[in-house]
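Each chain, letter by letter, is given below.
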Amino acid sequence: MSAAIKTKAIKSRKDLQNLREAMTKAYTSQTSKIIVCGGTGCVAGGSLKIYENLKAQMENNGLNVEVSLEKEPHDNSIGLKKSGCHGFCEMGPLVRIEPQGWLYTKVKVDDCNEIVEKTIKKGECVDRLAYRIGDEIYRKQEEIPFYKQQIRVVLEHCGKIDADSINEYIAIGGYEAFEKALFDMQPDDIVSEISLSMLRGRGGGGFPTGKKWEQVRRAKGERKYIVCNGDEGDPGAFMDRSIMEGDPHRMLEGMMIAGVAVGAQEGYIYVRAEYPLAVRRLMNAIAQAEELGLLGDDIMGSGFSFRIYIAKGAGAFVCGEGSALTASIEGKRGFPRVKPPRTTENGLFDSPTVLNNVETFATVSQIISKGAKWYLSIGTPTSPGTKAFALTGNITNTGLIEVPMGTTLRKIIFDIGGGMRGDGEFKAVQIGGPSGACLTKDHLDLPLDFDTLKKIGAMIGSGGLVVMDSHTCMVEVARFFMHFTQNESCGKCVPCREGTKRMLEILERIVEGNGNEGDIELLEELSDTISNTALCGLGKSAPNPVVSTISNFREEYETHVYEKKCPAGQCQKLKKIYIDPLTCKGCSACSRKCPVGAISGKIKEPFSIDLTKCIRCGSCIATCKFNAIKEV
Amino acid sequence: MKNTEYMYVDGIPVAINGEKNMLQVIRKTGVKLPTFCYHTDLSIYGACRMCMVEDERGNLYTACSTPPRAGMSIKTNTARLRKYRKNILELLLANHCRDCTTCANNKSCKLQDLAVRFNIDGVRFPNRADDNKVTNSSASIVFDSGKCILCGDCVRTCHEVQNVGAIDFAFRGSKMLISTAFGKPLSETMCVGCGQCAVACPTGAITARSEIQKVWDAISNPSVKTVVQVAPAVRVALGNMVGIPEGKDVSGLIFAALRKMGFDEVFDTSFGADITVLEESKEFLERLKEGKRLPIITSCCPAWIQYCEKKHPELMENVSTCRSPMEMFASVIKEERQERGKKLFHVAVMPCTAKKFEAQREEFLGKDGSRNVDAVITTDELTHMLKEAGILLNEIDPEPVDHPYDNASGAAVIFGVTGGVTEAVLRNVVKDKSRSALMKLSNVGERGNEGLKIFELTTEDGVGLRIGVASGLANAEKLLGMLKNGEKFDIIEIMACPGGCVAGGGQPFVHADVRKTRGKGLYDTDRMLSIRHSESNASVQALYDRLLKGREHELLHVHYKKK
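Residue numbers (the working numbering), protein chains in the order written: chain L, 1 to 632; chain X, 1 to 563.
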């Protein structure tokens with residue numbers, strides 16, 4: 001074994017630079033690397049077992065396996081790393097091979113032997129694990145269309161570095177921006193650099209981050225706080241989770257820079273308890289930074305002190321709202337409060353508070369390192385930079401992507417996302433989670449940025465994209481999201497508590513075939529009242545999925561209400577199943593399969609279905625050899 | 001001089017004079033915005049959304065939570081606002097028990113008022129009111145979640161005004177409800193029974209636990225002798241039911257009405273208060289002489305006693321051993337007013353819900369297990385009973401109380417207002433009892449509507465006394481905090497309800513300014529009485545000669561059992 005690089009506590013700027021030099025040397029000298037994805041999706045697919053198996057096999061083969069960077073590099077050592085999410089979750093578990101840049105997809109434990117024998121020992125690619133579209137093979141990760149069309153700024157390190165190693169982060173330039181902010185910039189310079197970059201909050205609202213920092217910097221208060229909102233609760237969104245899991249130090253660095261800029265001494269990360277891996281990686285990252293002296297008192301002799309704490313959320317969606325979030329950290333009920341005063345004046349513990357989301361903080365360090373001009377060169381003039389999206393639904397490539405602001409939906413869905421999965425046609429995409437709106441094929445060529453979406457009554461939200469095909473019922477989509485907001489309403493204000501309950505009630509009766517004339521109009525009236533009178537953003541945006549589906553798919557609602565039919569064929573209660581008496585041979589296979597005994601008849605005579613008993617499970621249709629059972 | 005700033009309300013310029021929110025500015029223009037969750041005594045909550053106003057660009061603001069801005073122009077009654085307000089009311093009604101005719105708060109319900117005011121002529125949603133959730137483990141109050149509109153007024157009152165925190169919100173969204181911790185029975189929580197939550201409740205969701213039927217039953221039973229005592233604070237609040245101004249002493253009318261209702265004997269709790277003053281003064285002077293167990297803390301308020309037992313049990317030894325005036329009087333009545341062949345039934349009319357609990361306490365049961373006070377009804381309950389009996393308070397003639405407890409001093413009457421007990425005791429402690437001396441005593445710092453009053457006073461013997469008077473338990477907590485921090489006090493008076501008994505949990509709800517009017521009413525009565533201090537109450541002196549001599553401890557004092 002080789003000697004370890006000495007890592008001592010950093011007491012000065014020079015110490016950090018020395019450490020960075022040593023780590024960069026170690027990092028670059030380690031050319032051969034196997035990076036196993038340790039994101040939640042791949043872990044669920046068994047990636048940790050793959051990691052252990054690879055490790056064991058490599059050691060059994062007498063290879064020099066190196067799992068940490070602190071060891072002095074030596075010949076023939078092969079780095080084996082666990083990284084954060086690579087993004088291409090659809091094809092997980094993923095294993096990246098360096099220096100070749102190959103990406104192995106859908107790797108199983110059984111494949112480990114071949115990887116060791118072929119790739120590690122002989123340097124050959126295991127082609128059957130490479131990504132393919134039709135006959136075309138894409139060995140290198142960067143060549144895969146899913147990756148090729150993305151620009152990864154925030155997710156740059158995710159999937160490339162060991163998420164549990166501060167040294168690896170430092171090796172590739174980590175904490176350089178913090179160092180610059182601390183020693184080479186005045187707090188005002190930091191704020192103005194962020195303002196110049198026109199960075200806008202990635203949590204949904206798109207509020208200018210520089211302006212927020214400026215307000216907190218100017219606010220009077222003995223104590224000030226930096227709070228990171230990691231309470232990502234939108235169904236189908238996992239951008240923030242991936243950053244926290246894959247590159248936790250970059251987020252910490254952003255918070256620390258914010259601390260320097262506004263004069264805060266403490267930071268809190270509010271993260272969902274349902275993200276155990278993110279919590280663990282963040283705790284580890286904070287512990288490492290404290291141990292190294294990057295967090296604590298008088299950091300690097302600068303006189304600046306900063307500590308970061310983790311507050312775990314108990315799962316309330318509303319706690320993603322600023323004032324509910326700070327209340328929750330304080331140990332109170334997660335209730336939003338009326339504004340003014342704003343969080344920037346009176347936030348956590350009644351002190352001025354910078355509250356940004358994970359992605360925003362993760363963007364900060366690069367703006368400080370590379371400058372506002374660089375950032376402005378990406379994206380659109382009013383929404384510069386990139387945005388991470390979680391791509392889910394009826395789409396070929398589900399996963400985590402990052403594209404410049406202003407990218408069209410068409411490019412995201414058809415070029416990066418690989419188009420629709422299955423035989424359905426593109427119908428709509430829900431953007432911005434339960435607070436967002438459904439966009440249709442008319443919107444496919446609109447540039448995705450804060451202002452364009454706002455104009456059409458939608459919002460980027462935190463970045464969830466749920467793609468829906470022609471088999472999706474839009475009334476059911478509205479019902480689903482209303483069920484979610486209804487469950488997650490905090491209950492404080494009347495319009496949201498009572499109004500969403502009534503909207504859900506109406507939507508439920510419509511999808512069950514009990515809709516009444518006037519229900520659509522009543523939904524519109526309630527939407528208007530709720531969106532204008534609710535107390536917080538959650539309530540105000542709660543009707544959005546309903547409003548947008550009614551405005552884009554009104555005829556679908558009408559068909560449900562007036563004809564008691566679901567055009568997409570999704571609403572179970574509206575399905576009618578019948579046996580065509582001309583085709584039925586009377587074999588009784590269907591009636592034997594029926595779980596509720598709804599089918600009866602005499603052998604060799606046409607059978608019939610009792611619709612009052614039928615639960616529309618469809619097992620009879622699948623059973624019938626003569627295609628005699630049909631659904632309308 | 002600073003130029004006055006103006007904002008425009010419905011086109012009319014209105015001066016901004018330091019108002020904290022637009023609601024207060026708008027009220028100056030004679031427009032009363034609808035509200036459920038806005039209370040001047042509580043923190044801003046902003047949840048009912050009824051007080052929304054619209055600016056020129058169509059932006060909406062909740063007037064209760066938005067500070068007024070100079071030059072801002074808002075409208076209070078636009079088509080949009082009317083629609084939203086109606087929708088909100090409709091949503092609330094859809095989730096509310098609508099059996100108004102059988103509700104205790106029929107015609108005194110804000111939801112009902114606003115439904116009428118906004119002309120709600122139908123509810124388009126199925127009624128989902130919780131109709132089986134009545135919580136009645138407390139001796140003092142009853143909670144019916146089917147009538148709760150979740151405005152949170154009770155929660156904030158319990159936390160902010162009373163520092164008790166027995167109730168809070170539980171669950172989320174449409175499942176949200178007002179609950180004790182872990183849904184425990186109220187009787188097992190920190191609840192002290194003060195009833196301020198019931199006072200704050202805009203609907204009939206929290207009400208005093210009614211004992212009306214019990215009282216009617218006793219009155220109608222020929223083998224029962226019914227005796228009633230009426231507390232001082234009742235007389236300045238009851239008249240309002242028939243339009244007599246708040247603060248006007250209607251004691252004579254109440255005594256007459258109670259006789260009309262069928263009570264056999266009618267007495268004034270002020271008589272009991274006079275005994276309390278004598279006993280408490282004696283106790284204080286003894287403690288002062290010995291320098292032990294000071295400060296003496298008053299014991300008249302049963303909600304305070306519960307608060308002390310639950311939150312500061314170590315201070316119980318400082319609490320005076322005097323029973324409350326109601327209980328002192330009750331033991332006297334039980335001794336003297338029994339009639340052969342009849343069962344004695346003693347009713348107390350109180351401004352208070354905590355008295356209902358006090359009357360049940362084991363310390364106040366006779367040897368045979370019978371209660372000294374058999375039923376406690378609140379001012380509100382008496383109002384209901386008078387209505388039921390058809391007695392019009394403003395059309396009957398006043399009458400005095402019955403013999404032999406037919407005198408009361410002014411000192412006893414002012415028990416109903418914060419600082420009153422202190423003043424009454426001081427009148428007894430000082431030697432110079434001339435009119436001018438007593439007048440001076442009313443200016444030492446005990447009077448006034450402030451929640452916390454601290455003042456110093458030197459007696460004729462040159463003894464310096466430091467006195468603290470608190471009303472509202474959050475204020476009491478502050479005072480006790482000072483005490484625990486080592487500040488010296490000789491007398492501490494605590495009344496659980498803000499302003500004292502005049503604003504008790506059993507009184508009709510009023511804002512702080514009316515509380516003052518009720519207090520003033522008691523001081524007016526005091527000034528008009530020839531007997532101003534308790535020692536000069538001849539009937540009380542006669543009672544000492546007759547019954548109390550040597551039995552003071554047995555009949556007038558109490559040692560609360562440790563919980």
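There could be a bad hint or two in this list.
Below, simulated DSSO-like cross-link-like pairs (lysine-lysine); rule was C-alpha separation at most 30 Å, straight line [said to hold, decoys possible]:
hint : chain 1 : residue 1 : chain 2 : residue 2
1    : L       : Lys332    : X       : Lys20
2    : X       : Lys387    : L       : Lys211
3    : L       : Lys332    : X       : Lys75
4    : X       : Lys387    : L       : Lys339
5    : X       : Lys75     : L       : Lys455
6    : L       : Lys339    : X       : Lys20
7    : L       : Lys332    : X       : Lys311
8    : X       : Lys214    : X       : Lys387
9    : L       : Lys339    : X       : Lys214
10   : X       : Lys311    : L       : Lys339
11   : X       : Lys28     : L       : Lys339
What the hints contain is simulated information worked out from the structure, not anything from laboratory work.
Between lysine 339 (chain L) and lysine 214 (chain X), does the CA-CA distance stay at or below 30 Å? violated (50 Å)
Quickly compare the C-alpha distance for lysine 332 (chain L) and lysine 75 (chain X) to 30 Å and report which way the hint goes. violated (35 Å)
Has the given pair, lysine 339 (chain L) with lysine 20 (chain X), been kept, meaning a C-alpha gap of at most 30 Å? holds (14 Å)
With a cut-off of 30 Å on the C-alpha distance, tell me whether lysine 311 (chain X) and lysine 339 (chain L) pass. violated (35 Å)
Between the alpha carbons of lysine 332 (chain L) and lysine 311 (chain X), is the straight-line distance 30 Å or under? holds (21 Å)
Checking one constraint from the list: CA of lysine 332 (chain L) to CA of lysine 20 (chain X), max 30 Å. Satisfied? holds (25 Å)
Run the distance test for lysine 75 (chain X) versus lysine 455 (chain L): straight-line Cα separation, threshold 30 Å. holds (27 Å)
Restraint check for lysine 214 (chain X) with lysine 387 (chain X), where alpha carbons must lie at most 30 Å apart: holds (17 Å)
Given the hinted pair lysine 387 (chain X) and lysine 339 (chain L), is their alpha-carbon gap at most 30 Å? violated (46 Å)
Given the hint that lysine 387 (chain X) pairs with lysine 211 (chain L), test it: the Cα-Cα distance must not exceed 30 Å. Since the Cα atoms of lysine 387 (chain X) and lysine 211 (chain L) sit roughly 63 Å apart, the hinted pair is violated (cutoff 30 Å).
Need the status of pair lysine 28 (chain X), lysine 339 (chain L): alpha-carbon distance at most 30 Å? Since the Cα atoms of lysine 28 (chain X) and lysine 339 (chain L) sit roughly 23 Å apart, the hinted pair holds (cutoff 30 Å).
Hints 2, 3, 4, 9, 10 from the list above are not met by this structure, while the remaining hints are.
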